[in-house]
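*Asks:* Please arrange chain Y on chain G, whose structure you already have, making use of the hints.
Number of protein chains: 2
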Amino acid sequence: MKKHIYIYSPSSAVRDKASFKRGVKRLQALGHEVEIDEAALATHQRFAGDDETRLAAIHRAAASGADVALISRGGYGLSRILPGINYKAVAKAIGKGTEFVGLSDFTAFQLALLAKTGAVSWAGPALGEDFGTEAAPDDIMEACFDDLITGQGEGCGWQLPKSATNSVAGSAATAGATAKFNIKDAVLWGGNLAMLSSLVGTPYLPAIKGGILFIEDVGEHPFRLERMLTQLLHAGVLAQQKAVIFGQFSNYKLVPHDKGFKLPTVVAWLQGQIKARVLTGLPFGHVPTKVLLPIGQKVTLAVEDRDAFLLWSHQH
Amino acid sequence: MKKHIYIYSPSSAVRDKASFKRGVKRLQALGHEVEIDEAALATHQRFAGDDETRLAAIHRAAASGADVALISRGGYGLSRILPGINYKAVAKAIGKGTEFVGLSDFTAFQLALLAKTGAVSWAGPALGEDFGTEAAPDDIMEACFDDLITGQGEGCGWQLPKSATNSVAGSAATAGATAKFNIKDAVLWGGNLAMLSSLVGTPYLPAIKGGILFIEDVGEHPFRLERMLTQLLHAGVLAQQKAVIFGQFSNYKLVPHDKGFKLPTVVAWLQGQIKARVLTGLPFGHVPTKVLLPIGQKVTLAVEDRDAFLLWSHQH
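Line order of the protein sequences matches chains G and Y. First residue of the first sequence? That's 1 in full-length UniProt numbering, and the numbers climb one at a time after it. First residue of the second sequence? That's 1 in full-length UniProt numbering, and the numbers climb one at a time after it.
Next up, chain G with everything else stripped away, as it sits in the complex:
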């Protein structure tokens, strides 16, 4: 099914132009019409153009009438332009059928949009790193992207890693008990943990109660991840969630003086701090195999033994 895909750059400058071009060609080869924003390859310092340029690109994406507005890449740059974004215009575009897709730095945009308008956007791929890979793009990512653009998507499933936290999740669970539970009609939200924690205390953090929070990050040591989670914890954000789901945390280095302090330590510590279910292994993050997740949409989380599902009805 031929779709209109709009490519734009709201964050860091595109440095890997070969990946950018490959990504465009791959989407074209799938039969799509790819429209490239006039500033998609702009550069200003480390940014894809100065603040006004990137804001204009976002607003052109909203005005494009495309089926999908896809970021070229993440990086850094959205935080400082959050006050300048016309969120109503973006929400209006989404209401008319344009799906905003991206991750990483884009989390700031997605959560601010949710806070300001309640509009749903998609945590998902970026053009270069996901469609522009030298090898073929990841099958699961492509299938989920296809689900989105054809309106067929109804959720995603994954296998929970074996861990104490996953098997005895929840304060009421008994050690060794088989986990089986559903959480219904809970707002799914989250994304990159560093971006999420950087919004705490600002008008750009949505106030989600009874939600399902998913998180991922790249290049952050577990002690930094724990500090970010501590901010969410002490700000009262985590106490209001029904579940916290760890996605993929990649590309960090443990050091000898960690002496056993590692990511599972942080996960177990967190489970001791909150009543919400804490799950791991969600295939989303700075890794090739990633599902697409509707930020701001009500979903059902269903878990039985080591099988977990996030289910939603495609509402757009």
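In short, the hints are calculated from the structure, not lab data. Hints may contain errors.
To be verified - In the DMTMM-like style, the derived pairs of lysine to aspartate or glutamate whose C-alpha atoms are separated by at most 20 Å in a straight line are: (1) G:K262 with Y:D51; (2) Y:K262 with G:D51; (3) G:K253 with Y:E220; (4) G:K262 with G:D305; (5) Y:K242 with Y:D146; (6) G:K259 with Y:E52; (7) Y:K17 with Y:D147; (8) G:K298 with G:E154; (9) G:K17 with Y:D258; (10) Y:K96 with Y:D16; (11) Y:K262 with G:D50; (12) G:K253 with G:E220; (13) G:K2 with G:D146; (14) G:K259 with Y:D305; (15) Y:K259 with G:E52; (16) G:K2 with G:E33; (17) G:K3 with G:E35; (18) Y:K259 with G:D50; (19) G:K262 with Y:D50; (20) G:K21 with G:E35; (21) Y:K17 with G:D258; (22) G:K259 with Y:D16; (23) Y:K25 with Y:E129; (24) Y:K259 with G:D16; (25) Y:K253 with G:E220.
Stated by the list, open to error - Pulled from the structure, derived: some chain G residues nowhere near chain Y, Cβ distances all over 10 Å: (26) K116; (27) D139; (28) P161; (29) S197; (30) P203; (31) R227; (32) Q240; (33) I274.
Virtual Cβ for every residue (Gly too), placed ideally from N, Cα, C.
*Replies:* Frame of chain G, contents of chain Y only:
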């Protein structure tokens, strides 16, 4: 003047025991009685003992009756134990003459203490890195520490680096105009920027209006520093300050694709965002030459040309 100095470890485990020992000997050689907390060299994972151990160490320091409670080192570990600290006991100890001194991770303790009780503590050295150096400790640091323990300190001065921001600081300033201004009776606060921003939105960030905020950090790229400042900006913290003073930002690496984005870029950007005076060059941070600064005390900031002074009366 012989003083009683209590050494304890509220954050990361002491790894460099040679520096620890040298630091103790240096303080003893200055004539002081050095008391070492029973858990000062404890280890649990990357921490100086588990959470209960480190909390007990803080409370022993408060009960020690020492003239100075000095951290062995920073690192990481205070964030997660903030809810367990008996702030009233610490404030009571300070009221009886115990000065709490430290930096880096310790910023979380200092700001939480200020938020909960209004008690003043000192941004200053750590035992190992400042007194336990292989070479002689820094003269200025030692002189400022001596000022503190003898009750002689009345402030500190430094020379503002030549920069557009320093010379035309403040929204009312004219380009090229000679800077001369005083800010009186403003609460001095701040410390490590990563720790400060990690407290935004939590009960541990003091609500300081009309204050003078000083910041420093180590190993953080300017884009990360800008993201932290953006959080403070969007949370409304910076709009309430009369001045923001950059201390030392050390040990970060610029990369080719920064393309001119560097720390002065961030400073200039910040000055464009707020009306407060933005100054740089304060000798405080993860560097040998550091002054001691009373967090939570009313001070006067006096600037004339390139000379800046922070002045206070020693109240304890």
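*Asks:* Each hint: holds or not?
*Replies:* A quick look at each hint next to the structure:
1. For the proposed pair K262 (chain G) and D51 (chain Y), the alpha carbon gap of about 16 Å is at most 20 Å, so the pair holds.
2. Of the pairs offered as hints, the one joining K262 (chain Y) and D51 (chain G) holds, with about 16 Å between alpha carbons and a cut-off of 20 Å not exceeded.
3. Restraint check for K253 (chain G) and E220 (chain Y): the C-alpha separation of about 16 Å stays at or below 20 Å, so the hint holds.
4. Pair hint K262 (chain G) plus D305 (chain G) does not hold up; C-alpha atoms about 25 Å apart against a cutoff of 20 Å.
5. Proposed proximity of K242 (chain Y) and D146 (chain Y) is contradicted: the alpha carbons are some 29 Å apart, above 20 Å.
6. A threshold of 20 Å between alpha carbons decides the hint, and for K259 (chain G) with E52 (chain Y) the separation of about 18 Å falls inside it, so the pair holds.
7. Taking the CA atoms of K17 (chain Y) and D147 (chain Y), the gap is about 27 Å. The hint is violated against a cut of 20 Å.
8. A C-alpha spacing of about 12 Å is found between K298 (chain G) and E154 (chain G), which places the hinted pair at or below 20 Å, so the restraint holds.
9. A threshold of 20 Å between alpha carbons decides the hint, and for K17 (chain G) with D258 (chain Y) the separation of about 17 Å falls inside it, so the pair holds.
10. Between K96 (chain Y) and D16 (chain Y) the CA atoms are separated by roughly 32 Å; this puts the pair beyond 20 Å, and the hint is violated.
11. Distance restraint check for K262 (chain Y) and D50 (chain G): the Cα-Cα separation of roughly 15 Å lies within the 20 Å cut-off, and the hinted pair is therefore satisfied.
12. As the CA atoms of K253 (chain G) and E220 (chain G) are separated by approximately 8 Å, the hinted pair is consistent with the 20 Å bound.
13. In summary, the hint linking K2 (chain G) to D146 (chain G) is supported, as the alpha carbons are separated by about 11 Å, within the 20 Å threshold.
14. With a C-alpha separation of about 51 Å, the suggested pair K259 (chain G) and D305 (chain Y) falls outside the 20 Å cut-off, and the hint is violated.
15. Of the supplied pair hints, the one linking K259 (chain Y) and E52 (chain G) holds, its CA atoms being roughly 18 Å apart against a limit of 20 Å.
16. Under the criterion of a C-alpha separation no larger than 20 Å, the hint pairing K2 (chain G) with E33 (chain G) is consistent with the structure, at around 7 Å.
17. Simply put, K3 (chain G) and E35 (chain G) have alpha-carbon atoms about 11 Å apart, close enough for the 20 Å limit, and the pair holds.
18. Distance restraint check for K259 (chain Y) and D50 (chain G): the Cα-Cα separation of roughly 13 Å lies within the 20 Å cut-off, and the hinted pair is therefore satisfied.
19. This hinted pair checks out: K262 (chain G) and D50 (chain Y) have alpha carbons roughly 15 Å apart, not beyond 20 Å.
20. Only pairs whose Cα atoms come within 20 Å are accepted, and K21 (chain G) paired with E35 (chain G) is accepted, the gap being roughly 12 Å.
21. For the given pair, K17 (chain Y) sits about 17 Å from D258 (chain G) by alpha-carbon distance, which is consistent with the 20 Å threshold.
22. The straight-line distance between the Cα atoms of K259 (chain G) and D16 (chain Y) is roughly 15 Å, inside the 20 Å bound, and the hint therefore holds.
23. Distance restraint check for K25 (chain Y) and E129 (chain Y): the Cα-Cα separation of roughly 14 Å lies within the 20 Å cut-off, and the hinted pair is therefore satisfied.
24. Distance check on the hinted pair: K259 (chain Y) and D16 (chain G) sit about 15 Å apart at the alpha-carbon level, within 20 Å; holds.
25. About 16 Å separates the Cα atoms of K253 (chain Y) and E220 (chain G), which keeps this hinted pair within 20 Å; it holds.
26. With a cut of 10 Å on Cβ distances, K116 (chain G) stays outside the contact zone with chain Y, its closest approach being about 13 Å.
27. No beta-carbon of chain Y is positioned within 10 Å of the beta-carbon of D139 (chain G); the least distance is around 31 Å.
28. For P161 (chain G), the requirement that its beta carbon stay farther than 10 Å from each beta carbon of chain Y is met, with the minimum near 21 Å.
29. Under the 10 Å C-beta cut-off, the non-interface status given to S197 (chain G) relative to chain Y is violated; the minimum distance is some 7 Å.
30. Distance check on P203 (chain G): its Cβ comes as close as 7 Å (rounded) to a Cβ of chain Y, failing to clear the 10 Å threshold; non-interface status is violated.
31. For R227 (chain G), the condition that its CB be more than 10 Å from all CB atoms of chain Y is violated, with the nearest at approximately 5 Å.
32. Listed as a non-interface residue, Q240 (chain G) keeps its Cβ farther than 10 Å from every Cβ of chain Y; the least gap is roughly 13 Å.
33. No Cβ of chain Y approaches the Cβ of I274 (chain G) within 10 Å, the least distance being about 13 Å, so the stated non-interface status holds.
Comparing the model with each numbered hint stated earlier shows that hints 4, 5, 7, 10, 14, 29, 30, 31 do not hold.
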